[in-house]
Structure formats: structure tokens, C-alpha cells
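Number of protein chains: 2
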Amino acid sequence: MLNWDDPVAKPMQKPEELEPIIAEQLLNQPAAIEPGEDITLSPTPATSQKPVDPDDKRVINGHTDINQLAPFKYPWAWNYFLNANKNHWTPLDINMAQDVTDYRYKLTLEEKHVYENVLSYLTTSDILAMRNIGLAVMEKMSAPELQIYQARQVYEESLHTWTYQHCIETIGLDQSEIYNLYRVVPEIHQKISVANRRLDSIMRSDIDLTDPDELHNFVMAYIFFAAIFEGCWFYNGFSPIFALQRRGLMKGTAEQLQYIMRDEVMHASFGIRVVKQIIYEEQLKIDMNQIRQMWEEAHEAEKAYTNYILKDPILGYSAEVHMGQFQYIANRRAGQLGLSEIPFPGAEEATLPWLDEQANLRKEKNFFETRVTEYQTGGALSWD
Amino acid sequence: MLNWDDPVAKPMQKPEELEPIIAEQLLNQPAAIEPGEDITLSPTPATSQKPVDPDDKRVINGHTDINQLAPFKYPWAWNYFLNANKNHWTPLDINMAQDVTDYRYKLTLEEKHVYENVLSYLTTSDILAMRNIGLAVMEKMSAPELQIYQARQVYEESLHTWTYQHCIETIGLDQSEIYNLYRVVPEIHQKISVANRRLDSIMRSDIDLTDPDELHNFVMAYIFFAAIFEGCWFYNGFSPIFALQRRGLMKGTAEQLQYIMRDEVMHASFGIRVVKQIIYEEQLKIDMNQIRQMWEEAHEAEKAYTNYILKDPILGYSAEVHMGQFQYIANRRAGQLGLSEIPFPGAEEATLPWLDEQANLRKEKNFFETRVTEYQTGGALSWD
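Chains A and B, in that order, give the protein sequences.
Position 369 of the first sequence, counting from 1, maps to 704 under our numbering, and the rest follow consecutively.
Position 279 of the second sequence, counting from 1, maps to 614 under our numbering, and the rest follow consecutively.
Hints listed in this document are in silico derivations from the structure and should not be mistaken for laboratory results.
A virtual CB, placed ideally from N, CA and C, is assigned to each residue, including glycine.
Be aware that one or more of the hints could be misleading.
From chain B, some residues computed to sit far from chain A (all C-beta separations above 10 Å) [as the list claims (entries may be wrong)]:
(1) Asn414
(2) Glu474
(3) Gln525
(4) Gly681
When the alpha-carbon atoms are kept at most 25 Å apart in a straight line, the in silico PhoX-like pairs for lysine-lysine are as follows [claimed, not checked]:
(5) Lys646(B) / Lys586(B)
(6) Lys421(B) / Lys421(A)
(7) Lys646(B) / Lys447(A)
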């Protein structure tokens, strides 16, 4: 039912909800209304005492009562929430004992450099992701079923932060040093700065999303966080550790990261879905020049970061394969957003063909067997 | 180790953290600095690239790097987060089958009136609680270890909303009607309005908490949500359903509410702790007249609500015992806040002596036995 590989996997969406806009509409034309379809663009004021009419709900700029969860207009959002809860895990569920030995006695200096800097990037990133969704995005949603998944999302980011802290404590790293690395390593700082700039631009609560420029800026920031920050940088950012895992090293950490990756795929998927719904409801034209600049900036920052992390390649992994995979995934995200052009023509094959498999791993084999099956709450999840 | 009954139970706090202020300081005097104690009131700007010094962290108005979780200044906040995760549950864990039959064939009309209106109040309240902590409070915290527990808190409120929705769907109630009740029943609306007014007054992101009036208003709102909204209205608000449970009715719903109550006790406890820390760090004087007005307003709203919910008393429960218990719990919260006077002299005995026992129930007896013990993550929790 759920496909962890593909953030906007078709099986999760009802046919009628799949593509509210087609690519050209997304890019340069006002979103056309499907023949026979009725979209309510003039919100009903919440002054009456009638129950909320779901047709009046909107993703943003809505005026229905935010305190009335149901009836749902966006049942898919509620399903994201239910599914996320079914996949609950904590870092304490995973055995880290071997990682302590691996780190001390088996990792080379180059591998330690990769491990520590990736951890440092991830921990700073996940606090930022938490602040983005919790402090900047959630408040702008005007339908409670969207806020409720985002509440889970905020929590999942905090679970990830706990996970990194758990790794740092277990391995016995200097936590002050790890947390501070992003401020002293320019190549890590650059990625964080790019994200912080987007975050800062949508942090004010007095942003008027009925203003076309403010709306466009908000949607660009949402696209950045869903498709690049979570969809590319995170999705692709665990790979150096997975490369260690494939050689039997740091397997506990890698398993933690697989769970985080699964969450991040859901976040990217949900975000892309919300963005497309906003573009449809608000009849927004996205500026393709800004999209191109966004991809380019993300690419440059990733390249500098990768060259620093992998200044000395490690066995089975290099800066080249990492960047090849980044371009490949970026193209996939562009397609999922419904953009008419892909950012990196030529990067049409995965340089890390095992990465999607990693994301798709049947988790119950190595994780849920330590728990009673009941906890997996029935047959609601299918991993095929 | 944890005491669910008492929000600021001593065993959870290290002795040196227990009472940063004494009652008189809280009320009418500037908080004195303990002899020999160094409190940093001049924040270090985050311009240097040194790791964060935990001594520079502050609850609000701090200037240390929000992206660096550790080292902790408030390890108790981190412990709240870890403990909350250990107590994870979802509404699907609890069998609701008997409730469907109970509702249809066993409840009297008066009991149905209680059940539906209590559910309606709770569901509106929990969305409001989610918005308060997620959209108004969390952003004002300047230490990440506080935000991280609040991220869990936001999620728990959304779990509660799911729980009510699960009850509504299982029993087969009209969800539009239940969610809308708070707008058509003045006695429910009044409580929500009192809370909404506090929330609205702290929702703006441009609030300057270095301004003494703004700071006082923010702290009053935090006191309201922690000590009254969660600490009294929620803590006491489940009791009418527990009264049914004690007669063998609606036991599934009541068990759900016991889990919610356990979360809410943690929220109240954390909030009171944060409030006291702010008062200490900011050397704030609390206006006792405003405190008295707050209690009075909360009491009046609760009284009107209770008279509506229990306009016809049900077997084993009445408006009188409900209000007696409200006053008793309010006095307890005042004590936990360190206030020098209790709001309701004379209400020194519980009118519902079984309520604390309910909060203290050994959950593993009826809940965790449906799961493998491993899930309870070891011996970290003690229920004694």
C-alpha cells in the first residue's frame, strides 16, 4: 500500500486526487478548472453556527473553523497521519553495541571523518526541519487535518534529533564539537544557510498569503523543504553511512537512519502533495527561473559539502557517485512536482542503485521481530 | 519514578532544581538570587564560533544557538521528552467493542448527554491545546531542549484529537454535530472563549518578551494553559466518563481518557516547571490580582459548563462533586506554582477521592499485557 521509495507513489492517492494540475498549468498558466469540477474559491465566513462544510476548507487562506477536524476535505492527509503512527519507532529499539566497537577499532580516519560530519549535518538539519514545519508552515494551514499530520511531522523531527543524540552518546563523541561543526565547517554551514534563508523568509506570522508575491515565496520555500531539503538532501544524505553498513560497519547507526529515511520520504511526499494542492487552489503560476536557480543553488551547496565530507573517498563510496545520485533524485522530485523540465538532463540513471532498495527494505524483518506483531496494528500496511 | 497524579511530583526533580523560587518571590518580590548562585542574565551573542555554553541558555530571551541541542542546561526537559516517548500509545490499542453496545442499549438519555458534550468539549480543547503549544509557545523558547519536549507535546495533543475522532467514529456519532457543539452550546463556548482569548494574546510572533508587560502577559497565558486548562479543566474533565466506567459503562472510552489524562498531567507538570524557571530567570513579579481574576473566571466558566453537562445528575456523579473537585485541584495547582495563597479556601478535601487513583492506575495491567514487554523499554519506568 505504501511505497517508501517514491514520495508521491500513486497507490497512496485516489485517482481523482492524483493530478489536480498538469505540468504546464503548474509552470506558466493559471491552473484550469477541470470540466464539471467545482472548486470553492470564495470562502464562507465562520460567522454562522452551522457545522463546517468540507467543501469550504482550503489549504491556506481558508476561513472555516480550524477547531473542527471533521468532516475531512483532505482525507489523504488524515491517512498520512494514521500511517505515520503505525510506523512508530524510537532509537532505543535498535542495538548499537557493535557500533561502539566498529567506531573505535575498525573505522579508518577517513571513515570517521565521514561519520562525524554526516552526523553533524544531519542533527543541525533536523532541528531546522522541526522549526520549519512547526513554527513557519503549520500555522499557515487553514484545514486542521493538515495541521494534524504536521504535528506528527514536528514530533518525528524531534525523534530524529533524539536519534542523533543517542548515536553521539553511545559512540562517545564530543557532543559540543559535533553540534558546533556546522558553524566551523563552511561546507556544512553553506547548506544550512541556504535552508535558513528560506525559513527566515516565511517565519513571520504577519505574512499575507493573499498577496501573490508572499504566496509565491511561501510556496517556493515549501517546495524547497519538501523536494530538496527532505526529498534530496535527506534522502541522499544517509548514503555514506549506508555504504559503511554494506561493508558490515556501523550497522546500528545505519538502521536508525533507515527509519529516519522512511519518515523523511513521507514528509517529502506530504509536502509535495500540499504544494500541488495550494498551486491548484490558489491558481498560482510558479516562476520557472526561480525553480532553476533553486536547483542550481542546491546543487552547488551539495557539491561543496560532498567534496568536504568525501575529500578522501572511502571504500565503496565517492563524491562522484554521491553527486550522480543527487542529480538522479532531483530529477525524480521535479517529475513528482509535475514540473515540465528536469533539472539535470543526462542524470537518468541511479549511481547508487541500492539506495531505493534501502528505502524500501522490509523493516519487519529486522525490527518488528523484536516486538509482538500486534503492535504493527494489523494488516493496514503492505510492504509489497 | 514517575508520579502521574502529581504534576510536579518531587521524585522527578533533582533537589537542586526543585524550588528555584519561593512563594513570596513568585508573588510580590523580585526573585532573589540564591547566595553563591550565578545566573547569567546578559546573554552571549551567537556570533562567536565556540560551542554553546549551557550556562548561557535561557528559557526565553536567550541568544545561544537554537540549533545545538546539547550540552543541556535543562536536563529535566530532556527527561520529560524521554519519559513521554516511553509511554507511547495510540487509540487503536484499546478495545472499543463494548462501548458501542453500551452507548446504544445501556446509557440513559442523561448519560448520553454527558458523554456527547464532554467529548465535544474535549475535542475542541485538544485542538486548541495543540495550537497553543505548537504555534504560540514553542517559538518563544530559546533553548532547544525545551522545544523538543514541546514537539512531543504538540504530537500528543494530535493523538488525543485522533482518540476523540476514533470514539466518535466507533460509537457512530454524527461528527459534524459533535465538532460543532462548542459553537451552539454557550456553556461549552464560554470555556473555549476564555482559552482562545489567552491564546490570541500570545499568537503574534512579534511579541517582545523583553518588554515587562508582554512578558507578564505571556507568563499569565502559560500559567493559564498549564495550571488551569490542562491542570484543572482537563485533569478534572474526564471524571464524568470515569464515573460511567466505575459502573462498568463505556470502559473503552474511559481507558482512552486515562491515557490522555496521563499525558495532560505531564504537560501541566512541564508547563508549571517552565513558568517557574521563567519567573526565576527574568526576575518577574506576578500580579496577584490578575491571578485571582484568572481563578475566578475559570471557576465561573467551569460552573456554567458543569451545570449544563450535568443539568440532570447521573448515577454516581453530580455538578456539586465536580465543582468541589475542581476547587480542590485548583488549590493543588496553586501550591505547585508556589503561590502564597490558595484560590478556594475550604476546598481542602477531594470530593472525588478516586480521581487521583485513576490517574495513578498501573497501566501495564490492562494495556501493556496486549504487547510484548520489550516495548515498554526496560525498567526505566516505575509505577510505584
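Now for the hints, and whether the structure bears them out:
{"no.": "1", "hint": "Asn414", "result": "12 Å, holds"}
{"no.": "2", "hint": "Glu474", "result": "5 Å, violated"}
{"no.": "3", "hint": "Gln525", "result": "15 Å, holds"}
{"no.": "4", "hint": "Gly681", "result": "36 Å, holds"}
{"no.": "5", "hint": "Lys646(B) / Lys586(B)", "result": "23 Å, holds"}
{"no.": "6", "hint": "Lys421(B) / Lys421(A)", "result": "16 Å, holds"}
{"no.": "7", "hint": "Lys646(B) / Lys447(A)", "result": "69 Å, violated"}
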